[in-house]
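Read in order, the letters of the sequence shown are residues -11 to 363 in my numbering.
Lysine-lysine pairs mimicking DSS-like chemistry, simulated, CA-CA at most 25 Å apart:
{"hint": "1", "residue 1": "K200", "residue 2": "K217"}
{"hint": "2", "residue 1": "K80", "residue 2": "K148"}
{"hint": "3", "residue 1": "K306", "residue 2": "K234"}
These are calculated hints, taken from the structure and not from any lab test.
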Amino acid sequence: MVWQKWFGRTSTVLSQGTFKQHTCSRRNGTSHLPTLSKEAFETMLTGRLFRSALLLTSGLLAVVQADTTPLTSNLNFESAEERAATTTFGYKEDGASWVIDSGAGLTVKVDQGTCDIASMIWNKAELQTWQRKSHINSGLGKINTSIESLKDKTIQISCKTPGLEHTYLFRPNENVIYMGTYHTKEYEMGNLRFIARLARKPMDNPMVPECKIDNMTAIEGHDVFADSKGITASKFYSGIPFIEDKVHGVTGDAGGVFFIMSDYAYERSVGGPFFRDMNNQCTEANELTLCMFSDHTRFEDYRYGFHGPYALIFNDGKQPAVSDVDFAFFQDLNLTGFVPETGRGSWTGTITDKNGVLSNSSVVVGFSNADAQYW
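Start from the sequences and build out the full structure, keeping to the hints where you can.
Right under this line is the structure:
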């Protein structure tokens, strides 16, 4: 087996040590991924391979994938041509907000003082819930913001406070909000996530039914709920291992809203390829989340730096492909902490299974140090 992976130059020094056991919790129990002792590993593997934090698994990826099958009932959406005919790409000021028009049907309003998203209009429906905004965590409060049109017409909104920079990017005729988040020790927080708080009426379908919390009572903090029959629901039931989580989203009568992650979206996260976190909770709002870091079952120290790129895409309800967005333009941006392809290198090696230990099992090789993680 031959493997090859690209890394940022800031993370090519691999940590030494023994293997760790990764655990994936599930509703019906716990699945432990097999690990090898240091001695067994050195006996099994030959060739030029660093004795690093490698994770070899037997392909136990029994994961409940998010069911994003479109369940929309309003199929009278405008065509792409009709949307483009009635809108023009650009932005304008509206009081203390910026209003961005994608030129293809999406209109987004961003608060100038907080960088909160206050409105998302798609398929003639207001998707943003009125109770709370969409933002990093529960909102960053008063923050320095700016907006500019770049040479390629990309609209960039920069949100800066000491220790954190969040960026929104809008491209001509794309119904997408591109994002990236840079974080340092200067701004301490218990978690780092972007939450899109969507109104239930136009966007009522959760990722999986077990995330929908209607007519239920909290039985464990404010995270796990149960109905009168003892059936439980929780935001934690929406978790997908990072290695599988390229796209996740929700749908409703107004179409679909999905997060799409780039190849490097999780390199500054923690937990390795099989770690998973909450992606969706459907209560007063249908909350769609990208967790970049949290203390939920965490067993590694937090990694600071640039998280992303990632994107929030709006469509008519069908789960998009990763290729539906193009992150290539990030290479030409000067975003704090972002490592372009020109600043990356690669490692190449071979695994030789001379004792037939692996048989026909799938193998995942993981690298990690204090700066980054890859697999």
